[in-house]
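Here the structure of chain A is known, so what remains is to put chain B in place on it, guided by the hints.
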Amino acid sequence: GQQVMQIPQYQHVQEGEDFTTYCNSSTTLSNIQWYKQRPGGHPVFLIQLVKSGEVKKQKRLTFQFGEAKKNSSLHITATQTTDVGTYFCAGSPRAGGTSYGKLTFGQGTILTVHP
Amino acid sequence: DAGITQSPRYKITETGRQVTLMCHQTWSHSYMFWYRQDLGHGLRLIYYSAAADITDKGEVPDGYVVSRSKTENFPLTLESATRSQTSVYFCASLSSGNEQYFGPGTRLTVT
Numbered sequence: 001g002q003q004v005m006q007i008p009q010y011q012h013v014q015e016g017e018d019f020t021t022y023c024n025s026s027t028t029l030s031n032i033q034w035y036k037q038r039p040g041g042h043p044v045f046l047i048q049l050v051k052s053g054e055v056k057k058q059k060r061l062t063f064q065f066g067e068a069k070k071n072s073s074l075h076i077t078a079t080q081t082t083d084v085g086t087y088f089c090a091g092s093p094r095a096g097g098t099s100y101g102k103l104t105f106g107q108g109t110i111l112t113v114h115p
Numbered sequence: 116d117a118g119i120t121q122s123p124r125y126k127i128t129e130t131g132r133q134v135t136l137m138c139h140q141t142w143s144h145s146y147m148f149w150y151r152q153d154l155g156h157g158l159r160l161i162y163y164s165a166a167a168d169i170t171d172k173g174e175v176p177d178g179y180v181v182s183r184s185k186t187e188n189f190p191l192t193l194e195s196a197t198r199s200q201t202s203v204y205f206c207a208s209l210s211s212g213n214e215q216y217f218g219p220g221t222r223l224t225v226t
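If you read the protein sequences in the order shown, they are chains A and B. Each residue of the first sequence is one higher than the one before, counting from 1 in my numbering. Each residue of the second sequence is one higher than the one before, counting from 116 in my numbering.
What the hints contain is simulated information worked out from the structure, not anything from laboratory work. Among these hints, one or two may not hold up.
As the list claims (entries may be wrong) - To be clear about the criterion: a stretch of chain B counts as covered by chain A if any three or more of its residues have a C-beta under 8 Å from a C-beta of chain A, and this derived list gives those stretches: (1) 124 to 135; (2) 157 to 163; (3) 187 to 198; (4) 214 to 224.
Glycine is no exception: its CB is placed at the ideal position from the N, C-alpha and C atoms.
Bound-form chain A, shown alone (with noise of 0.2 Å):
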């Protein structure tokens, strides 16, 4: 079945340092999305990436999916300690058939911040 691999773990940083987590699939996906969960909480929708090679940005954060549509990564830049949680990256299988809505998480990046 389809994996999604995501490194690191775990990274702590100094605030104000920059962050990035990475995310791979062992087959091609139809689209990638990723999530924050604050200590505590539940995951929060970010963003969804579709196109092979896009780029999007929300604020400090910038997203890439990979040309091939197989990875993917989180850029955090100037981290702050509100950044603090785990982030998910969960990829959707090519579109069609029984796979519609169904995502395949990674093992998430717990990120701290010291400031």
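Showing chain B alone in chain A's frame:
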């Protein structure tokens, strides 16, 4: 209030007991999902439902049963709880924009 809710939020049960976790959403979303979250494994799909009376297995369905008699409710039952089912359980529904909205979670401990 609109949204997705789960109950109970915390549950402690004994091995062998039956436990039902409730999930309710007010958006009338067709698709709903149950995940379990364990450290090092991320979120793993247990069961999902495309509509009322339509359910299918996810990645880790063994030991769980679901039903969906109404669009807004998607209960998850552990028929005979085991310690390996100690986890945090999240219910989610799928918006028209393909975003999954998650409930607050149920923390289940099986002793």
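Cross-check of the supplied hints:
Requiring three or more residues with a Cβ within less than 8 Å of a Cβ of chain A, the coverage given for the region 124 to 135 of chain B is violated, as only 0 such residues are present. Beta-carbon proximity to chain A at under 8 Å applies to 5 residues in the region 157 to 163 of chain B; the threshold of 3 is reached and the given coverage holds. With a cut-off of 8 Å between beta carbons, the region 187 to 198 of chain B has 0 residues touching chain A; three or more are needed, and the interface restraint is violated. Look at the region 214 to 224 of chain B against chain A: 7 of its residues bring a Cβ nearer than 8 Å to a Cβ of that chain, three or more, so the hint holds.
Taken one by one, the earlier hints fail for this structure at numbers 1 and 3, listed in ascending order.
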